[in-house]
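Q: Kindly produce the complete structure, drawing on both the sequences and the hints.
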Amino acid sequence: MDLRKSYSYFKDFFKELLKRDNWEFKKIMCIVSIVFSSLVAIIGFASVAMSVYIGDIFLRFLLGTIAILISILLFYSYIKLHKKKELASLIVFVVIVFLLAYYMPLFPPQYELKAYDVDASILKFMITSFILIIVGILGASFSMKPLYNFTSKSSQASAYYVLTVAILLILYPLVVIVSSIVSNGIGGISWEFLTQDVSRHGSKGGVFPAIVGTLLLLMGTVFIALPLGIGSAIYLQEYAKKGKIVRVIRIGVDVLQGIPSIVHGLFGLAFFVPIFGISLLSGILIMSFLTLPIIIRSSEEALKSVPQSLREGSYAVGATRWQTIQRVVLPPALPGIITGTVLGVGRAAGETAPIMFTAVVFMGAGTPTSIFDPIQALPYHLLELTRYIGAYPVDQNAWATALLLLSIVLGMNAIAIIIREKYRVEF
Amino acid sequence: MTSKNKIKMDIRNLNLWYDKSQALYDITVPVLENKVTAIIGPSGCGKSTLIRCLNRMNDIINKCRIEGSVIMDDVDIYEKKTDVVEIRKKVGMVFQKPNPFPKSIYENIAYGCRIAGIRNKKKLDEIVENSLKEAALWDEVSDRLDDSAMGFSGGQQQRLCIARALAINPDVVLMDEPCSALDPIATAKIEELIRELVKNYTVVIVTHNMQQAARVSNYTAYMYLGKLIEYGGTKQIFENPKEESTENYITGRFG
Ligand SMILES: Nc1ncnc2c1ncn2[C@@H]1O[C@H](COP(=O)(O)OP(=O)(O)OP(=O)(O)O)[C@@H](O)[C@H]1O
Ligand SMILES: [Mg+2]
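First to last, the protein sequences are chains Y and D.
No gaps in the numbering here: position 352 of the first sequence is 351 in numbering that gives the first Met the number 0, and each next residue is one more.
No gaps in the numbering here: position 63 of the second sequence is 62 in numbering that gives the first Met the number 0, and each next residue is one more.
Warning: the hint list may mix true and false statements.
Quick list of the computed label-pair ranges, beta carbon to beta carbon [as the list claims (entries may be wrong)]:
id, chain 1, residue 1, chain 2, residue 2, range
1, Y, PRO330, D, GLU191, 31 to 37 Å
2, Y, PRO330, D, ALA135, 26 to 32 Å
3, D, LYS120, Y, TYR422, 53 to 59 Å
4, Y, TYR422, D, GLU139, 24 to 30 Å
5, Y, ASP253, D, GLU139, 29 to 35 Å
6, D, ASP142, Y, ILE169, 33 to 39 Å
7, D, ASN14, Y, ILE370, 56 to 62 Å
In short, the hints are calculated from the structure, not lab data.
Glycine included, C-beta positions come from ideal geometry on N, C-alpha and C.
A: In structure tokens:
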């Protein structure tokens, strides 16, 4: 066959393909480009997630090829098919991709498959993976633009894509943590585990006193922190003139919230333990300090969300300030306040540091008979169990305790969400 | 003004400052009993500020300072010994945006009475029914008294707020642009209502709508930049204003 003839034949064929309104071709180009880019991102992500270095020569060739392919595809879909104003962003992108393609093989393949060790190679390995993730996501999101003809829908689509990926990235560790705790812990949950006392350094028996201790601790905390928190929030939002003192108090609340929990624990050791001993009461007081800022903050937000016009409506029929707060402001704010409280207490449920010096013992506390007795608590129990790992066969119970603790904390969060959704007041 | 027109509230030399900026300058104007007094003027001239002085609503605003007096039934409502709660029971208020409480229709109206210490269920039922009838809302909601007020239309909510103001049996009803969030039909209903109300109540209304002022009010006060420019019978203000500024505003040349 005549070489020239076949050449001009192909030329015509491609010309036809690249016509401005060749929708089918454009679509295929874009989809292929999206898929490839996503693949790049997935490989990058997988390498982070499974701590596998992707400097392997084969992978590098693969990635280089993919990168070049993407650039070519994009090049065509942008330049041939669409407006010039997108040219700038395209060129930047192509440059990045080409850089990547050349950059990949530059890495000497000296980091092999090994788990995270603290050395410089980790950094390089991470950089490579993250660049892959970013380039992949950007590539896919750019490729969506021609697919939607550069209308406003196209930026919508690419933004949607990037956000979805971001959410998935965030969800990933959550899924890994929860699933591993559930799968390892579920076998250890039994009637015996839930109802019996600790024995043999936690390798036998259960966590009943720890459950009781944690629940008592939380109840006591709510009992003290809730009224104090609501009271402070009402004072700050409804009574105090917006002056310097209020500002100072607010900053104080924020600082209190920022105090590391171990400092709370040491504070308790210094101030409460000498008076109340290592006891439920000391623990409750410390936990109240810990949760108070959260309760105050969320209560303030809840009060703030009640529109000023409702207060005015109440004053206008002759209500006093307190009547207004009691009957008009608090009822619609209550779901928000309770949600905040449950979240705050949920946080307290998982804390170890504040109680480890002030309220808990590992074994032998049983169920306390007075607030001056020491207690056992789930997070501290877990801490002690992990210390015995290796020395005693405690693994099963440790996982089960973790699962229990996680269920309590997640359960409280779920309750908070349900309250918020169910009793939300629309104004 | 004829002699049978009794002055219900007498605003005398009222000056008001928000922090350091003065919003009202030496306002002196009467509010006549069983009449509708309209306050008109361009945006930001202090209409809301003035009407809120009549039930001391400005008390709840930080750094708001007031000088001068408002005499109601021979008592200066700004005197130290007057109880602001008592004033507000006598001077009801309806706001620009309907602001029903997120409670049932019944509770919205009974609220003021409960605050005032009325516990008798029968009495409350009676007051709720009467107020709703007065506010021309009874027919629409009589079978839904326990429904949340938030589920009603804007016009219905506004009439509910009027009913809520009437439930405590005030002498004066203040209305700050009560129709600005409503459609023409709901507006017509409320205007009709105002004409009814004035038989038993003294009404002060702020409005941006010239026709509305002309339709419902007996007396009109025109304000500009915190000052009272002109006050008189509505007919006179609209047909024969003394001040140029008033005429310009009414004929729509500015504001
Ligand atoms: N809470 C406040 N704090 C400070 N300044 C205020 C406050 N309320 C009103 N002002 C000022 O006082 C002046 C008069 O306001 P006002 O609300 O009484 O005007 P208005 O005549 O009701 O206007 P509109 O027709 O837009 O409702 C305005 O300059 C306004 O900025
Ligand atoms: Mg106003």
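Q: It remains to establish, for every hint, whether it holds in the given structure.
A: Here is what the structure says about each hint:
1. Y:PRO330 x D:GLU191: 31 to 37 Å: Roughly 34 Å apart at Cβ, these two residues keep to the hinted range, so it holds.
2. Y:PRO330 x D:ALA135: 26 to 32 Å: Since Y:PRO330 and D:ALA135 have Cβ atoms about 29 Å apart, the given range 26 to 32 Å holds.
3. D:LYS120 x Y:TYR422: 53 to 59 Å: 27 Å Cβ-Cβ, so the 53 to 59 Å window is violated.
4. Y:TYR422 x D:GLU139: 24 to 30 Å: holds, 28 Å
5. Y:ASP253 x D:GLU139: 29 to 35 Å: Violated: the Cβ-Cβ distance is about 49 Å, outside 29 to 35 Å.
6. D:ASP142 x Y:ILE169: 33 to 39 Å: violated, 50 Å
7. D:ASN14 x Y:ILE370: 56 to 62 Å: The hinted range 56 to 62 Å holds for D:ASN14 and Y:ILE370, with Cβ atoms some 60 Å apart.
When held up to the earlier numbered hints, the structure conflicts with 3, 5 and 6 and fits the remainder.
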